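Read off the chains here:
Number of protein chains: 2
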Amino acid sequence: MAGASAYYVNSLEENNFKPNFDEVPEDIWKNCQLLILCSPSNPTGYCLEREDYIDLLNKADKYDFLVCSDECYTDIYESSKTPPTGLLECCDVSQPDSKAVVFHSLSKRSNLAGLRSGFISANESVIKDLLLYRTYHGVTLSLPTQMASKWAWEDTVHVEKNQKDYDKKYEVAISALKDLPEITRPNGGFYIWLNVHGDDQIFARQLYEKNNVIVLPGSYLAFQENNINPGKGYVRIAIVHETKIIEEALTAINDNFSAL
Amino acid sequence: MAGASAYYVNSLEENNFKPNFDEVPEDIWKNCQLLILCSPSNPTGYCLEREDYIDLLNKADKYDFLVCSDECYTDIYESSKTPPTGLLECCDVSQPDSKAVVFHSLSKRSNLAGLRSGFISANESVIKDLLLYRTYHGVTLSLPTQMASKWAWEDTVHVEKNQKDYDKKYEVAISALKDLPEITRPNGGFYIWLNVHGDDQIFARQLYEKNNVIVLPGSYLAFQENNINPGKGYVRIAIVHETKIIEEALTAINDNFSAL
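Chains as they are written, first to last, in our numbering: chain A, 75 to 334; chain S, 75 to 334.
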């Protein structure tokens, strides 16, 4: 898009799903204009740490690119734990030479994906460019959406309730995957990224045919980079429904998995 | 914007506010990429006719540009009259070589300006380009907005009531302008484009200072082209409030006008 080409950084199980930035060649860093991060990650739930952000910001200074951090899953984490670190905690975005651009959304925080409402935090010059960009398409949020968004950003009660609900959902999900005792809740997000030790498309299709349960084949979620499709052999399971449905669906997944 | 430069076509009272396309030089037509029309016009209320559209479409074929017709005021006309002609009535937009691009909105039809909801009608190749353009900014209407829009486009009862309300508003407005018997309702839209026979900024400021009534100085609504600012000496009066407020405001305008 816009003449740019994408270089994908693999996130592999052997690295605990941490994106492997060390594998990125020097000439890619030199030509980089935007580095797009998603932490907590969709689909693995991996969360970048403070040192990771600082390393990347140093690279951004050295090679002159922007670090765009999509943190829309940041409110979905185990309520007894500390929240995932965000890029805004690792730098001063108000500085004119700040390379940080942080994206937030109500979609996961408030279960308001359909509202299409969020915000971007960055220094003045980046926001100025964004303002020009928005001038080109001229779309503002409708007034009802703005009012609903104001309420949702100001209220924390529903966010905490949401977190507690996810604690319960994961508890039910992991307990239903009884033959897969190694499954644990990721640090962020609302997925289980399941290694099916086989063909993810076939697994997903059979699960749908036999049990009417839909999961997303991991190979659809990734591109091949360095001869690896890091999504191949995995399925993404969204832990977002009512607990009764989660229990049924995850029991079906457990049974299909055991039958492989 | 996007490296283009604008050429403004004047709409003058001496031409009954019809845009004077004859004044456009040949080299402007040759370099034209987009012709932007607004009919019914904001602020004059002038409505293009079938022959105007056909002339312009012929020019578009000859010089290879798109005719973009913003028809958001098209539902606001005197209820006893026939509706203003739209560009879609003058060509077959489904034809692959169609140069017509028609914009509609709920903002005036349903008094839903804040909803930011409308549609564009054009042939497949134009829509395909628009789809690419929208992919760049990725903004969809929120689901509540989509549902409200569906209702508003399907319902005609509120549109007819709206029309009848405007009949009443114009009746009150014109009757309050009792010292200006030449004022008539324009063919479309909800404005009176008043020639103040003097300085429009001074007129607007004095009206606000003396009577708390706000009108828009016409010179703010136009650019100078061919040494003429066609908005200079006019004010735009929006006939959109409750009839009682319209009566008070237009009586004040009448009195200020008479005092000039």
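Derived by calculation from the structure, the hints in this document are not laboratory data.
What you are looking at is a predicted structure, and each value in this text was computed from that prediction instead of being measured.
Among the hints, a few may not be true.
A pair holds if it fits inside one copy or across any two, identical chains being indistinguishable in the list.
List of simulated lysine to any residue pairs, SDA-like, C-alpha gap at most 20 Å [unchecked claim]:
# : residue 1 : residue 2
1 : K224      : G188
2 : K242      : G160
3 : K224      : S293
4 : K202      : V213
Going down the list of hints, with the structure as the test:
Proximity of K224 to G188 under the C-alpha cut-off of 20 Å is found in both arrangements, the shortest distances being 16 Å within a copy and 16 Å between copies. For the identical chains of this complex, K242 and G160 are neighbours neither inside a copy (25 Å) nor across copies (57 Å), given an alpha-carbon limit of 20 Å. Proximity of K224 and S293 under a CA criterion of 20 Å is satisfied in neither setting, with 37 Å inside one chain copy and 37 Å between copies. Proximity of K202 and V213 under a CA criterion of 20 Å is satisfied in both settings, with 16 Å inside one chain copy and 19 Å between copies.
In this structure, the earlier hints numbered 2 and 3 are contradicted, and the remaining ones agree with it.
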